[in-house]
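*Asks:* Residues per chain, in single letters:
Protein chains: 2
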Amino acid sequence: MAILVQKFGGTSVADAEKIRRAARRVIKAAENGYSVVVVASARGKQTDQLVADALELNPNPPKREMDQLLSTGEQQTVSLFAMALDAMGRQAISFTGGQIRMMTDSVHTKARIRSIDAERIHNQLDQGKIVIVAGFQGIDEFENITTLGRGGSDTTAVAIAAALGAKECEIYTDVDGIYTSDPRIYKKAVKMDQISYDEMLEMASLGAGVMHPRAVEFGKKYDVKIHVRSSSDETIGTIITHEVPQMEGVVVSGATIQKDMAKIGLVGVDNVPGNAAKIFAHLAKAKVVVNDIIQTEISSEKANLSFMIEISDLDAARKAVAEIRNEVNFTDVFIREDIAEVSVIGVGMRTHYGVAEKMFGALAEAKVNIDSITTSEIRISCAVDEDQAEKALEAVCNVFELDRPAKQRGS
Amino acid sequence: MAILVQKFGGTSVADAEKIRRAARRVIKAAENGYSVVVVASARGKQTDQLVADALELNPNPPKREMDQLLSTGEQQTVSLFAMALDAMGRQAISFTGGQIRMMTDSVHTKARIRSIDAERIHNQLDQGKIVIVAGFQGIDEFENITTLGRGGSDTTAVAIAAALGAKECEIYTDVDGIYTSDPRIYKKAVKMDQISYDEMLEMASLGAGVMHPRAVEFGKKYDVKIHVRSSSDETIGTIITHEVPQMEGVVVSGATIQKDMAKIGLVGVDNVPGNAAKIFAHLAKAKVVVNDIIQTEISSEKANLSFMIEISDLDAARKAVAEIRNEVNFTDVFIREDIAEVSVIGVGMRTHYGVAEKMFGALAEAKVNIDSITTSEIRISCAVDEDQAEKALEAVCNVFELDRPAKQRGS
Numbered sequence: 002m003a004i005l006v007q008k009f010g011g012t013s014v015a016d017a018e019k020i021r022r023a024a025r026r027v028i029k030a031a032e033n034g035y036s037v038v039v040v041a042s043a044r045g046k047q048t049d050q051l052v053a054d055a056l057e058l059n060p061n062p063p064k065r066e067m068d069q070l071l072s073t074g075e076q077q078t079v080s081l082f083a084m085a086l087d088a089m090g091r092q093a094i095s096f097t098g099g100q101i102r103m104m105t106d107s108v109h110t111k112a113r114i115r116s117i118d119a120e121r122i123h124n125q126l127d128q129g130k131i132v133i134v135a136g137f138q139g140i141d142e143f144e145n146i147t148t149l150g151r152g153g154s155d156t157t158a159v160a161i162a163a164a165l166g167a168k169e170c171e172i173y174t175d176v177d178g179i180y181t182s183d184p185r186i187y188k189k190a191v192k193m194d195q196i197s198y199d200e201m202l203e204m205a206s207l208g209a210g211v212m213h214p215r216a217v218e219f220g221k222k223y224d225v226k227i228h229v230r231s232s233s234d235e236t237i238g239t240i241i242t243h244e245v246p247q248m249e250g251v252v253v254s255g256a257t258i259q260k261d262m263a264k265i266g267l268v269g270v271d272n273v274p275g276n277a278a279k280i281f282a283h284l285a286k287a288k289v290v291v292n293d294i295i296q297t298e299i300s301s302e303k304a305n306l307s308f309m310i311e312i313s314d315l316d317a318a319r320k321a322v323a324e325i326r327n328e329v330n331f332t333d334v335f336i337r338e339d340i341a342e343v344s345v346i347g348v349g350m351r352t353h354y355g356v357a358e359k360m361f362g363a364l365a366e367a368k369v370n371i372d373s374i375t376t377s378e379i380r381i382s383c384a385v386d387e388d389q390a391e392k393a394l395e396a397v398c399n400v401f402e403l404d405r406p407a408k409q410r411g412s
Numbered sequence: 002m003a004i005l006v007q008k009f010g011g012t013s014v015a016d017a018e019k020i021r022r023a024a025r026r027v028i029k030a031a032e033n034g035y036s037v038v039v040v041a042s043a044r045g046k047q048t049d050q051l052v053a054d055a056l057e058l059n060p061n062p063p064k065r066e067m068d069q070l071l072s073t074g075e076q077q078t079v080s081l082f083a084m085a086l087d088a089m090g091r092q093a094i095s096f097t098g099g100q101i102r103m104m105t106d107s108v109h110t111k112a113r114i115r116s117i118d119a120e121r122i123h124n125q126l127d128q129g130k131i132v133i134v135a136g137f138q139g140i141d142e143f144e145n146i147t148t149l150g151r152g153g154s155d156t157t158a159v160a161i162a163a164a165l166g167a168k169e170c171e172i173y174t175d176v177d178g179i180y181t182s183d184p185r186i187y188k189k190a191v192k193m194d195q196i197s198y199d200e201m202l203e204m205a206s207l208g209a210g211v212m213h214p215r216a217v218e219f220g221k222k223y224d225v226k227i228h229v230r231s232s233s234d235e236t237i238g239t240i241i242t243h244e245v246p247q248m249e250g251v252v253v254s255g256a257t258i259q260k261d262m263a264k265i266g267l268v269g270v271d272n273v274p275g276n277a278a279k280i281f282a283h284l285a286k287a288k289v290v291v292n293d294i295i296q297t298e299i300s301s302e303k304a305n306l307s308f309m310i311e312i313s314d315l316d317a318a319r320k321a322v323a324e325i326r327n328e329v330n331f332t333d334v335f336i337r338e339d340i341a342e343v344s345v346i347g348v349g350m351r352t353h354y355g356v357a358e359k360m361f362g363a364l365a366e367a368k369v370n371i372d373s374i375t376t377s378e379i380r381i382s383c384a385v386d387e388d389q390a391e392k393a394l395e396a397v398c399n400v401f402e403l404d405r406p407a408k409q410r411g412s
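Protein chains in written order, with our numbering: chain Z, 2 to 412; chain R, 2 to 412.
By construction, these hints were calculated from the structure, which means they are not laboratory data. These numbers were taken from a predicted model, which means no experiment stands behind them. Please note that a few of the clues may not be correct.
As the list makes no split between identical chains, a pair holds if one copy fits it or if it spans any two.
Stated by the list, open to error - Simulated pairs of lysine-lysine, BS3-like, Cα-Cα distance not exceeding 25 Å:
{"hint": "1", "residue 1": "Lys19", "residue 2": "Lys29"}
{"hint": "2", "residue 1": "Lys130", "residue 2": "Lys64"}
{"hint": "3", "residue 1": "Lys19", "residue 2": "Lys64"}
{"hint": "4", "residue 1": "Lys29", "residue 2": "Lys288"}
{"hint": "5", "residue 1": "Lys303", "residue 2": "Lys189"}
{"hint": "6", "residue 1": "Lys303", "residue 2": "Lys222"}
{"hint": "7", "residue 1": "Lys368", "residue 2": "Lys260"}
{"hint": "8", "residue 1": "Lys288", "residue 2": "Lys46"}
{"hint": "9", "residue 1": "Lys221", "residue 2": "Lys279"}
{"hint": "10", "residue 1": "Lys303", "residue 2": "Lys279"}
{"hint": "11", "residue 1": "Lys260", "residue 2": "Lys279"}
{"hint": "12", "residue 1": "Lys226", "residue 2": "Lys286"}
{"hint": "13", "residue 1": "Lys286", "residue 2": "Lys188"}
{"hint": "14", "residue 1": "Lys46", "residue 2": "Lys19"}
When you get a sec, could you build the whole thing from the sequences and use the hints?
*Replies:* In C-alpha cells, the structure reads:
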C-alpha cells in the first residue's frame, strides 16, 4: 500500500475538537487505501506555556533541559491523537522521536537529523495501524532528547516521508497553499498549483513563511513531494516538487517583499586578499546574518563593499564594524535603515531572457528608485526605499501577471 | 561519597516556588557531602488535567497511549527541577525512566520494575552533578513507555536507592511521618521514630495511605532505609527499616481502622476438596479483592465460609456469588454492609503473649461487640459494627499506649 505522511501543526491540534477533525481526515486517507503516518506538533499554546514555566525558574535555562521539557508537548499530542483514532474504531500507535530512533546530532534546540528507523514504522503499518509520530524531536547517540528548532515538525514529516518512501507528504496548516505573492500586500495574488523546491527555497528565505527552508531542502534532497494545504477544508493546496514540464513556460513564479532591512556600505576598502574574509568573520562572530553582498572596484587599490542585514541585527553589526576598523582600512561607512527588498523568483529565468529588463521597466514606470540589484540563477532582487516597497511589489506582480494562474498568463 | 535519594511528590513540586524550595533542600544535602539523586512526580494537578484531556477524546483510552501521555508530567517536572538547580549555580541533569533504562514488564499503567542502569546515574554523580529522575515511569523491552501505577514514584525512588546502594531514601510528603494511628480519628496518635518494613506493610495494606506497599516491599527486599518526612520543614520523620533492637520491647507499634467494608458469609458449604478454590476463582475473575477469609466446619460434611471485601466491590461480589451457586452447593448466603475492621500491628507479637487478650478486653470494656477475628504473625484484626469502629480504635489505642512514644510506654 502506498504510504502517505500527514503533518498537523499546533493550531490544527489545539483542542479535542480539532484533534478529532484531524483524525477524521487521517481516517479518510486510510479509507482511500493509504497507509498513513501522522506527524504532529504540540497543541496550540502548550510550547509557549512550557517556555514560560522554564523562564520562571531560570532566565537562561540549559538547552539540554529545555529540549527535555519542550519535547513533552508533542508527546502529549501524539498519544491523544492515537486515543482519538482508537475512539473512532481505528488501531493507532504513537511514537516519540526516540522510539523511532530519530537520531540527531547533539546540538540542543537546533539539532539536525542523521537517521530514522523506518523499520519500526513499517512494522506497525503492516499490522494495519495508523502511526503517529511526535514532530520536532529526536535523540542523540547518548539518548539525550534533542529538538530540531524552527520548522522542526515540517522537517520531521518530510524526513519520515523520505525514510519510508512515501508517495507524498501533506503539510496541513492555516493557509491553503503558497501564493504568487503575499496576499496581505498584493491582494490579487493567486494560489500556485505547483512550485519547485528551488523556487520555494528562494521564497522561504526571503520571508514567505509557510514552509521552513530546512524542510524544503530535505524534500529536494530526498525527492519527497510536499503538499501544503489547509487543515480546515478539502481544497487542493500547492505541491512543492521538482521542476515539471508545465512549469517551463512560466518565467516568474512569484514575487516577495522583505521589509525591516538595513544596508551597510564600507567605502574605499583596501582591495587586498583576505580583507573580505576578515570583514565577514567579524560579522559572523557577532551572529549577524548577511545577505546580498555587493563589491565594486573604485580604483586599482580600493573597492566599495555593501551588504543587507535584518534591522534587528543592526546594533550588533555596528559593533562588528567598529572592530573591523581595527583590522581593515576603509575611508567611510554608510548605513541605510529605510530599505526593503523586492524580488521575483522563477526557474524559468534559467532559460529566458528579458526578465530583469521587464522588472526594472515596471519599477521605473511606477517611479520607484532602485538602490541596488542582486541576482541568483532563479531570482532578481532590488533594494528600494521602504516606503516605496509595496508600490514596487504591486508593479512587479502586475507586469509578471501574478494575479492569475500560471496557465493563463500571456508570457 | 555517600548517595542520598530524595523523592518529592506532586504537591512538593506544584509550582515554581515549591520547586525552588525542594531544590534548596537538595543543595543542602549536597553541601552536607552527599551525592544526591532526586526522584520527582508530576506537578500538582498536571496528571488530573492530562487524564481529563484523554477522557475527552476517548472514554476508554488504550493503556499504552495513556502511559505515553501521563509520563510527560514527570518529564516536565524533572527538566524544570534541573533548570532550578542550574539557576542556583548547581550542575544538574534530568533523566526520563527510559534514559536510565528503568526496564519494566509490558503491563501498561501498572508495570513492574525489572532492572535499572545504575551506571548512567553513577557517571553523572561522579562528575559532581545532581541527578533528577522522573518517577512513576519506565520502558519495556520494545521501548514502549510504561507507568508503575499507584505509589509509582515512591517505588522508583526506593528502586533507584537500591540500585545505587544509597545510604537512605527520603520520601518528602505532606505529612511529617507515620503515626501510631490515624490522627484524624485518634487525636492523641503520635509520630513513630521507626517502624519495620513488615509493620508498615500491614499498616499500608490496612489503609494507612502514606506509603504504597510496593515501595515498602522494595525497601525490604533490597534493604533500603526509607525516611518519610515533611517537605515543609526540617523535622525528622519516620524511618522504615528492618527490626532494630530498640523495637523489640514494643509489642504493638500501631493500630489501624478500615471502614467501608462488607462481609459475605456462605453457610453450609459442601466441605469437599476444590470448593474453596472454585469460590475464590470466581471472585478473582470478578476482580474482587478478598481479605480475612474464615472457614469453620459445622459438621463432617458442611462448613461456613466468610470473607471481607471493600464495599465498592459489593455488586461485583454479589454477581460472583450467584455464579458460584451454579457450581458449589451451599444452603444460605448472608451479607453485612455495616462493618469495619480495627487492627493492631507489631513485630513484638512474634515473641510476646497476651496481646489478643488485652485487645479483646479493651473492646469488651468499651462495650464493642466483635463480629469475627483474624490474625497474622504480627497483626490482630477484629471486625466490628461500623458505628462502633471509632470507639473501638480509641479503646485499643489507649490500652496499648499509642498516645506516647514507644520508649515511654509501660509495657
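*Asks:* Confirm or reject each hint.
*Replies:* Status of the hints after comparison with the structure:
no., hint, result
1, Lys19 - Lys29, "within (15 Å within a copy, 47 Å between copies)"
2, Lys130 - Lys64, "between (35 Å within a copy, 16 Å between copies)"
3, Lys19 - Lys64, "between (31 Å within a copy, 22 Å between copies)"
4, Lys29 - Lys288, "neither (46 Å within a copy, 39 Å between copies)"
5, Lys303 - Lys189, "neither (46 Å within a copy, 94 Å between copies)"
6, Lys303 - Lys222, "neither (41 Å within a copy, 82 Å between copies)"
7, Lys368 - Lys260, "within (19 Å within a copy, 90 Å between copies)"
8, Lys288 - Lys46, "neither (29 Å within a copy, 42 Å between copies)"
9, Lys221 - Lys279, "neither (33 Å within a copy, 67 Å between copies)"
10, Lys303 - Lys279, "within (16 Å within a copy, 102 Å between copies)"
11, Lys260 - Lys279, "neither (28 Å within a copy, 81 Å between copies)"
12, Lys226 - Lys286, "neither (37 Å within a copy, 54 Å between copies)"
13, Lys286 - Lys188, "neither (40 Å within a copy, 69 Å between copies)"
14, Lys46 - Lys19, "both (14 Å within a copy, 24 Å between copies)"
When each numbered hint is compared with the structure, violations occur for hints 4, 5, 6, 8, 9, 11, 12, 13.
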